[in-house]
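Colleague: Chain residues, written in single-letter form:
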Amino acid sequence: MNAMTMSAPERLLDVKGLSIEIDTRRGPATIVDGINLHVNKGETLGIVGESGCGKSLTMLSLMRLLPNKIKVKSGTANFAGRDLLTMSKSELRKVRGGQVGFVFQDPMTSLNPVMRIGDQICEPLIYHKAMKRADARIRATELLRLVGIPSPAERLDAFPHELSGGMRQRVMIAIGLACDPELLIADEPTTALDVTIQAQIVDLVKELRVKLGMSVVWITHDLALIAGLVDRVAVLYAGTVVEDAPVEELFANPSHPYTRGLLASIPKLSDVAANRLSSIGGTPPEPGRRPLGCPFAPRCQLAEDICRQSVPPLEPLGGSGPHRVACFVAQRQLEAA
Amino acid sequence: MATIPMTPAELDEPKTSLWRDAWYRLVRNKLAIFGLFVIIVLAFAAAFGPYLTPYDFLSQDLDARNAAPSWAHLFGTDDLGRDVFSRVIYGTRTAFVVAIVVTAIAVTIGVALGAMAGFFGGWLDRIIMWLTDVTMSVPNLLLVVVINASLKAPLAAWMEAQYMATLNPFFRETIWVDFILVFGSMALISWPPYARLVRAQVLSIRSRPYITAARALGLTTRIILMRYVVPNAVGPLIVSVSAGLGTAMVLESAFSFLGVGVNPPTPSWGNMISDGLRVWQHYPHLLAAPAAVLGLATVGFSFLGDGLNDALNPRGSK
Ligand SMILES: Nc1ncnc2c1ncn2[C@@H]1O[C@H](COP(=O)(O)OP(=O)(O)OP(=O)(O)O)[C@@H](O)[C@H]1O
Ligand code: SF4
Ligand SMILES: [Mg+2]
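Protein sequence lines correspond, in order, to chains A and B.
Using the numbering used here, the letters of the first sequence map in sequence onto residues 1 to 337.
Using the numbering used here, the letters of the second sequence map in sequence onto residues 1 to 318.
Because the hints were derived from the structure by calculation, they are not lab data.
Be aware that a few hints might be false.
Label-pair restraints from in silico Cβ distances [as the list claims (entries may be wrong)]: (1) A:251 - B:127: 55 to 65 Å; (2) B:124 - A:29: 24 to 34 Å; (3) B:120 - A:288: 23 to 33 Å; (4) A:113 - B:149: 44 to 54 Å; (5) B:21 - A:298: 47 to 57 Å; (6) B:204 - A:25: 20 to 30 Å; (7) B:135 - A:113: 28 to 38 Å; (8) A:135 - B:151: 52 to 62 Å; (9) A:113 - B:162: 48 to 58 Å.
Even for Gly, the Cβ is constructed at its ideal location relative to N, Cα and C.
Hey, can you work out the whole structure from these sequences and the hints?
Modeller: Here it is in structure tokens:
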């Protein structure tokens, strides 16, 4: 069930020291600051964090799809033995859509409005698998059936605007899965959808990743939604990973004050009944105005002097193990206990 | 192939598409359909009218000069006794030929330059936009007058020389000099709006999520341009071409009216309006007939353009 085994699992994607900058009128500003992330073979990683903390840019930068003014400043991204950030353009094109599938946040705008969905699914098959159009259409029909679209053969000739949001997101997933990728990156694929549809999409991906044996990175700001889907969670705050732990461990023992705040802001039934929702006060730092020490310090109730002077490193809690946290106080509390 | 079910129900089901939807929206728009109807009637007149008209546009009937409208002459006759109805129909042909050719040239130039500017950006964009601005800042009439004044005589002389050398009757027709100058100068002042429109379209489409999604599929720049960028820019272009055809007709009439367009005896609405204006107190039909048809054409294209705009951008309208 769980991807953790006794021997060290093989890493499919290994991102080290990734920093991303944006050109502003006042000079370059850091958006993502030395992120370390990895995804094991067959593992599902959840990336959680507030809006604007750099989740999307991190994933886009791996595929070198950043918008014009935003650049990777440093870091490596090893994927199946090669660095995504330095490989040649033609190698990269084979990875894009071939070995790595992408599912975007907004199903309403991420499909070409003037192209039939069948053609959009066939596109990567023709390009990466050198399939003939007729074969690609057969495969596209299978894919639509796989993602749970009723009467798939008829839907091939539909245009995106003829489908509901949930159906379009299924089409996006079908496109992402078309070439049997080793890694599927889903960037908040359910944010634009109704709650019931959200759960359906999560269940769908859960089922598919077992069936297809692929790794998944699922970006979200809704921890509760993906609790049953992911193996491990990386919590992002202001462009850094502040906590990284197996999902059960994270829920049982959240150690970073920000993670605790996130978990506390998940509404429980009793909270909703009492109309009482807790949330973290304040806002994340703007790019270009990052605090000197711990990026969370301005909003942290436990902040001490050391937090404002140096950046807490992401280290295993208690010295070893898969649960890592970047917080002076959390590390010390464990030592004391 | 066998895995794709081809049930009768599926085959009978009407396939909807973006264009079909747009068409349905257009047909429901009464003004647009009126515009389309007017344009079709005028286009029919332009194409076949000259074979159907009761009189030749040049044939004079000096016994019936300046005759009021009658059954024999629906729109009356002019000061040389020529049938105004026939001349208006010939003028329709002139207007359509000029509008279509000028718009085709202008759209070709505009789309090519605009797409390059928008897609490649940088210095190419700056040069093209500079060219666009310069062209737009020169007063249209001035440019056309200058071109006509400076090129007409040499071009006519050249044609004459060619005729003398080859005896090819083509070079005898001074009408071609008119047309080349009219087409050229009007296309020259008409392309910048198309270039701007296409550039803006390409710029905005370039940053749409589906373009990022297409790049994330590993597709090449060429495929992305051809299958993702261009088809999405076509809708607004159609709208603007429809409006542009109407504008080109008005321009042709205006220039002919001012004597720098199509020259007599080739019938043009502008010429006829110009002639009619001199005698309108006595023979109002000489002004009314060409003016009314010009007005009708303008209204037709404008209604169709508005209708297309609403049909192709259902979310953008009202
Ligand atoms: N195209 C852009 N131009 C300028 N700034 C950008 C651009 N895209 C993102 N940013 C900035 O970069 C930061 C990180 O953005 P990113 O999209 O990665 O956030 P996110 O974590 O995915 O947020 P969300 O949950 O809202 O999707 C934000 O502060 C945002 O303002
Ligand atoms: S390091 Fe300090 S400021 Fe940062 S989260 Fe921990 S306690 Fe808060
Ligand atoms: Mg995002």
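Colleague: Run every hint past the structure and note whether it holds.
Modeller: Tested hints:
no. : hint                      : verdict
1   : A:251 - B:127: 55 to 65 Å : holds (59 Å)
2   : B:124 - A:29: 24 to 34 Å  : holds (29 Å)
3   : B:120 - A:288: 23 to 33 Å : holds (30 Å)
4   : A:113 - B:149: 44 to 54 Å : holds (49 Å)
5   : B:21 - A:298: 47 to 57 Å  : holds (52 Å)
6   : B:204 - A:25: 20 to 30 Å  : holds (23 Å)
7   : B:135 - A:113: 28 to 38 Å : holds (33 Å)
8   : A:135 - B:151: 52 to 62 Å : holds (59 Å)
9   : A:113 - B:162: 48 to 58 Å : holds (52 Å)
The structure shown violates none of the earlier numbered hints.
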